[in-house]
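*Asks:* So you can see what is in the structure, the chains are spelled out below.
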Amino acid sequence: GDSVTQMEGPVTLSEEAFLTINCTYTATGYPSLFWYVQYPGEGLQLLLKATKADDKGSNKGFEATYRKETTSFHLEKGSVQVSDSAVYFCALSMNTGFQKLVFGTGTRLLVSP
Amino acid sequence: DVKVTQSSRYLVKRTGEKVFLECVQDMDHENMFWYRQDPGLGLRLIYFSYDVKMKEKGDIPEGYSVSREKKERFSLILESASTSQTSMYLCASSIMGTAHEQYFGPGTRLTVT
Numbered sequence: 001g002d003s004v005t006q007m008e009g010p011v012t013l014s015e016e017a018f019l020t021i022n023c024t025y026t027a028t029g030y031p032s033l034f035w036y037v038q039y040p041g042e043g044l045q046l047l048l049k050a051t052k053a054d055d056k057g058s059n060k061g062f063e064a065t066y067r068k069e070t071t072s073f074h075l076e077k078g079s080v081q082v083s084d085s086a087v088y089f090c091a092l093s094m095n096t097g098f099q100k101l102v103f104g105t106g107t108r109l110l111v112s113p
Numbered sequence: 001d002v003k004v005t006q007s008s009r010y011l012v013k014r015t016g017e018k019v020f021l022e023c024v025q026d027m028d029h030e031n032m033f034w035y036r037q038d039p040g041l042g043l044r045l046i047y048f049s050y051d052v053k054m055k056e057k058g059d060i061p062e063g064y065s066v067s068r069e070k071k072e073r074f075s076l077i078l079e080s081a082s083t084s085q086t087s088m089y090l091c092a093s094s095i096m097g098t099a100h101e102q103y104f105g106p107g108t109r110l111t112v113t
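Protein sequence lines correspond, in order, to chains D and A.
Under this note's numbering, the first residue of the first sequence carries the number 1, and numbering increases by one thereafter.
Under this note's numbering, the first residue of the second sequence carries the number 1, and numbering increases by one thereafter.
In short, the hints are calculated from the structure, not lab data.
Check the hints yourself; a few may be wrong.
[Claimed, not checked] Pairs of lysine-lysine residues, derived as PhoX-like cross-links and limited to a Cα-Cα distance of at most 20 angstroms, are as follows:
(1) Lys100(D) with Lys55(A)
(2) Lys70(A) with Lys3(A)
(3) Lys52(D) with Lys100(D)
(4) Lys68(D) with Lys52(D)
(5) Lys55(A) with Lys71(A)
(6) Lys57(A) with Lys70(A)
(7) Lys57(A) with Lys3(A)
(8) Lys53(A) with Lys100(D)
(9) Lys57(A) with Lys100(D)
[Stated by the list, open to error] Stretches of chain A that chain D covers, calculated by requiring three or more beta carbons in the stretch to come under 8 angstroms of a beta carbon on chain D:
(10) 33 to 43
(11) 72 to 78
(12) 105 to 111
Every residue gets a Cβ at the ideal spot worked out from N, C-alpha and C, and that includes glycine.
One chain only, chain D, in its complex shape (with noise of 0.2 angstroms):
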């Protein structure tokens, strides 16, 4: 069945160092793709998406690259902040159907000053 792997966490950054997420799925067709962020306490909110082969998704200052090729979906931030310490979930969703999220197991990231 279609799968979303991620890299596992922690991970652990300095405020303003370089943020890389590792994803890749596998799907029998082109999913669309997505970012997840679950700030402590609170629940999921929808980061960022990408709907075909090469487009970017991007917001609060992240990135991610939607690559046909090497079935991945990169979580990128040029300069991380404390604040973005969270727990971030990669996702796919068939563009055909109901449209379930496939949830990835999430990474934690901790960032501090």
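With chain D fixed as given, assemble chain A onto it according to the hints.
*Replies:* Just chain A, lined up with the frame of chain D:
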């Protein structure tokens, strides 16, 4: 802003008890979802509903049932709670046709002793 609320943030129940988890959304969304979130497993879909009184099984429906009598409310029911159902439960909603853009509640951490 879309608001999804869950009846309790923390809940402690005994094995064999019947447990009700309530979720309410205020944006007239057609779709509603129940997930459980476990470390190392990410989010797994239990049940979803795309209309009042309609329900569909997700990936792990065993031991759970749901009820959707009104559009804004989606209840998760554990008929006879077991320790294996100790988890964080997340409710989400989305508008029709965009099941992948979901709005999440803050979660209910259920402990079954």
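*Asks:* Could you work out which earlier hints the structure fails to respect and list their numbers in ascending sequence?
*Replies:* 7 and 11
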